[in-house]
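Participant: Starting from the known structure of chain A, arrange chain B on it as the hints suggest.
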Amino acid sequence: MKFFRLLWSGLMRKKLRTVLTILSILVAFVLFAYLSAIHTGFSIGVELAGQDRLITRHKVSLIQLLPEAHQEEIQRIEGVESVIHMTWFGGTYQKPSNFFAQMPTDPEPFLDMFPEYIIDDEERRSWLETRTGAMVGSKLAERFGWKVGDRVPIDSQLWGQKDGNRVWEFDIVAVYDGAESGTDTTQFFFRYDYFDEARGFGDGLVGWYTVRIKDPGRAAEIARAIDAQFANSPNETKTEPEGAFIQGFANQMGNIGLILTLIVGAVFFTILLVTANTMAYTVRERTSELAVLKAIGFTDRGVLGLVLGESFMLSVIGGGIGLALGWFMVSLGDPSGGALPSFYIPGRNYLIAAALIVALALAAGSLPALEAKRLQIADALRR
Amino acid sequence: MNAAVQPERQHHQETLVRVGNVDKVFHRGSEEIHVLGGLDLEVPQGDFLALMGPSGSGKSTLLNLIGGLDKPSQGTVEVGGQDIGRLSGRRLAAWRARHVGLVFQFYNLLPVLTAQQNVELPLLLTSLSRKERKSHAATALEIVGLGHRAGHYPRQLSGGEQQRTGIARAVVSDPTLLLCDEPTGDLDRKSGDEILDLLQALNRQHGKTIIMVTHDVHAAAQASRTLHLVKGKLSMEPEQ
Numbered sequence: 001m002k003f004f005r006l007l008w009s010g011l012m013r014k015k016l017r018t019v020l021t022i023l024s025i026l027v028a029f030v031l032f033a034y035l036s037a038i039h040t041g042f043s044i045g046v047e048l049a050g051q052d053r054l055i056t057r058h059k060v061s062l063i064q065l066l067p068e069a070h071q072e073e074i075q076r077i078e079g080v081e082s083v084i085h086m087t088w089f090g091g092t093y094q095k096p097s098n099f100f101a102q103m104p105t106d107p108e109p110f111l112d113m114f115p116e117y118i119i120d121d122e123e124r125r126s127w128l129e130t131r132t133g134a135m136v137g138s139k140l141a142e143r144f145g146w147k148v149g150d151r152v153p154i155d156s157q158l159w160g161q162k163d164g165n166r167v168w169e170f171d172i173v174a175v176y177d178g179a180e181s182g183t184d185t186t187q188f189f190f191r192y193d194y195f196d197e198a199r200g201f202g203d204g205l206v207g208w209y210t211v212r213i214k215d216p217g218r219a220a221e222i223a224r225a226i227d228a229q230f231a232n233s234p235n236e237t238k239t240e241p242e243g244a245f246i247q248g249f250a251n252q253m254g255n256i257g258l259i260l261t262l263i264v265g266a267v268f269f270t271i272l273l274v275t276a277n278t279m280a281y282t283v284r285e286r287t288s289e290l291a292v293l294k295a296i297g298f299t300d301r302g303v304l305g306l307v308l309g310e311s312f313m314l315s316v317i318g319g320g321i322g323l324a325l326g327w328f329m330v331s332l333g334d335p336s337g338g339a340l341p342s343f344y345i346p347g348r349n350y351l352i353a354a355a356l357i358v359a360l361a362l363a364a365g366s367l368p369a370l371e372a373k374r375l376q377i378a379d380a381l382r383r
Numbered sequence: 384m385n386a387a388v389q390p391e392r393q394h395h396q397e398t399l400v401r402v403g404n405v406d407k408v409f410h411r412g413s414e415e416i417h418v419l420g421g422l423d424l425e426v427p428q429g430d431f432l433a434l435m436g437p438s439g440s441g442k443s444t445l446l447n448l449i450g451g452l453d454k455p456s457q458g459t460v461e462v463g464g465q466d467i468g469r470l471s472g473r474r475l476a477a478w479r480a481r482h483v484g485l486v487f488q489f490y491n492l493l494p495v496l497t498a499q500q501n502v503e504l505p506l507l508l509t510s511l512s513r514k515e516r517k518s519h520a521a522t523a524l525e526i527v528g529l530g531h532r533a534g535h536y537p538r539q540l541s542g543g544e545q546q547r548t549g550i551a552r553a554v555v556s557d558p559t560l561l562l563c564d565e566p567t568g569d570l571d572r573k574s575g576d577e578i579l580d581l582l583q584a585l586n587r588q589h590g591k592t593i594i595m596v597t598h599d600v601h602a603a604a605q606a607s608r609t610l611h612l613v614k615g616k617l618s619m620e621p622e623q
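Protein sequence lines, in the order shown, are assigned to chains A and B.
Final position of the first sequence in our numbering is 383; the numbers increase by one with none missing.
Final position of the second sequence in our numbering is 623; the numbers increase by one with none missing.
Isolated chain B, as found in the complex:
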């Protein structure tokens, strides 16, 4: 179902993300590639949604649209009642800094900064003092269980630890929405499970709304619900 992506068990909760009739077309030379077509989605506050689908189905594209990293060719994306497609580049950047935490498959930490300094990065855009930034970053690292590794550089951390640092960076500014693109895709099962446990804890204990793109059925099973992207549209069922 294209429009059948309303969560059944969370009717009472306020909708945080509303994607309405979104198309996304990429241009490669004269060729047009339709990745998403007339897509609708609603994600309530506090949801943990897994998005699955084969490669090229548009999962990451949808995540980018919700995170304000890209703009739809047509349709609207509202987060917290704000139509982010109407925001200017500068205001959109400020909105992302305030409302969105991003977790990447390959962590995307800055290799020349320590874990603590990587986590502090989003706070550089706030008016917090140096001491406050350090304190917030330390707290975020404690939450992900890496307080003791704060002074280590990414190359000195395992893959799982790097991803934990990435998650700490994503939550340090206390965003409304956490967007995770294949967060366990580069990790072994044990480390992956630890990351999924951490995401679950952030969802359940800290109330974070999480949208997670994944290939992994096991990872998707940790989410509250799973939707499948099939030929540019969302479905409750995977592609047959």
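Pulled out of the complex, with its shape left as it was, chain A reads as follows:
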């Protein structure tokens, strides 16, 4: 601590340059924090996907439907514990930008399949009793101000009713919470029987199956068995773990993780150059002062430590404030207004940020620090 003032005074020598460098680092870490939260929004489903759940969809593509009759055949395959089906509804609420996931399903087996969606017994009973009932996630309900008892119209771009009307009416009977902080609570589930009877086409067809297996260690084997069951039929299937399915779904928008990594990488590379430049100037301008410090007894390593210390201070101040600001911005809510299933900075990303702070300090400060360490006192004092 006794060297703190010396370190601080080194940084305060050129206040404007130091402040601008800190601001550059700060912006990089705000970006890192914010993009981390966005990335989490896209990837959390993959991380929280059930290890014991498989998804069976049409082999050609997700938009091709499968016969409802597949359910019984899948159920009979050895190692399968339970099967449910869902279908992409593709609706919006009030305006096209109010987009979120809606899916018809069979309530009772659905709730057994997804224990991470938590509702109370009364809501469960109500959903089973109400044909037009819908169970919505708490985040979705908060986004649109919905509550149990509300009747909401959903305009489907894919599914019209038998009378041609594309606007479907639902009664909100349950609002579910997630068992974990990252559980997706932005979805809207409603009853398949209501959907199947009212839809204008596609009777008996469903989007995909979610299959729970008894032994996650046999996932690959069972997936092959399911696909073999429907091989050479008009409706061949592709079965994969739930995590891979969700990842594939997210990748329809592009590899978000890679895009964000490239953005953050480019920003940090630029910041590294800015910080290294600042540190290089800091040492070059103070050659004689560093020589004086050595002359009065500071060791070569001591001077190296001082320069690295300044680099750490720059990095820690900029990175720390940047992370705090990023955390604050993330706490204000996601930029899509609630469309992302989750929006937070995972704990491990704080550790990554801490590692980045250290790496930035070392990368930016090492060369100038070595230059300071090698400084010959007599030569430097003559300059």
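In short, the hints are calculated from the structure, not lab data.
Bear in mind that the values here come from a model prediction, so they are computed numbers and not experimental data.
For each residue, glycine too, the CB sits at the ideal point set by N, CA and C.
There are no misleading hints in this set.
Just so you have them, the derived chain A footprint on chain B, three or more residues with Cβ under 8 Å:
hint	segment
1	448–454
2	474–480
3	492–506
Only pairs whose alpha carbons sit at most 25 Å apart, straight line, appear in this in silico PhoX-like list of lysine-lysine:
hint	chain 1	residue 1	chain 2	residue 2
4	B	Lys454	A	Lys373
5	A	Lys2	B	Lys517
6	A	Lys14	A	Lys2
7	A	Lys2	B	Lys514
8	A	Lys2	A	Lys373
9	A	Lys162	A	Lys95
Facilitator: Quick look at chain B alone, frame taken from chain A:
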């Protein structure tokens, strides 16, 4: 005389600095520049020695060798019986911190630190507490007559005051030897005289051994004795 640099009036005193047959060669590309050649010098404890000589004669180089800021190409430099050429870099730095106080022509204060903080710098390398460091620095500033300017930054001090601060920094850790490189070279006569008076007081009242490099005959006259560096060797007489 090369070897004729034994002080005549201080035979009874213990030798603090002993420079033996020192050469110093600088390399500029393929060119070798011999600055000091076979130089011998003895400086007794409590001496105030002025080193004079024309520019490039090697005065500052000799001072740097005695202060452990540079190493001789050949020969030995002993201070207090310690052959400082044998010390490792780390031990040499520790030795400098303990035994040598340096005063520079251009003060070399850190502009972002106050006078008090500049004087405290050498004490950061000791085990003294913050309170003790402050107390020692305040005392050193009092000795040089700058107690009232402790909180001022170098830019707020005159040249003479900055040099006094530099001297306070040099003596704050109570070193054995004070090495001054043109301490009045950047000052007007009045301020220069004040600095010389201060150095004399440190020598006479506090017993500090001082070696001072100077161009100025008037400054050299304040020392106990003067030696001249002529063509890399020491002489009692200036270059003719």
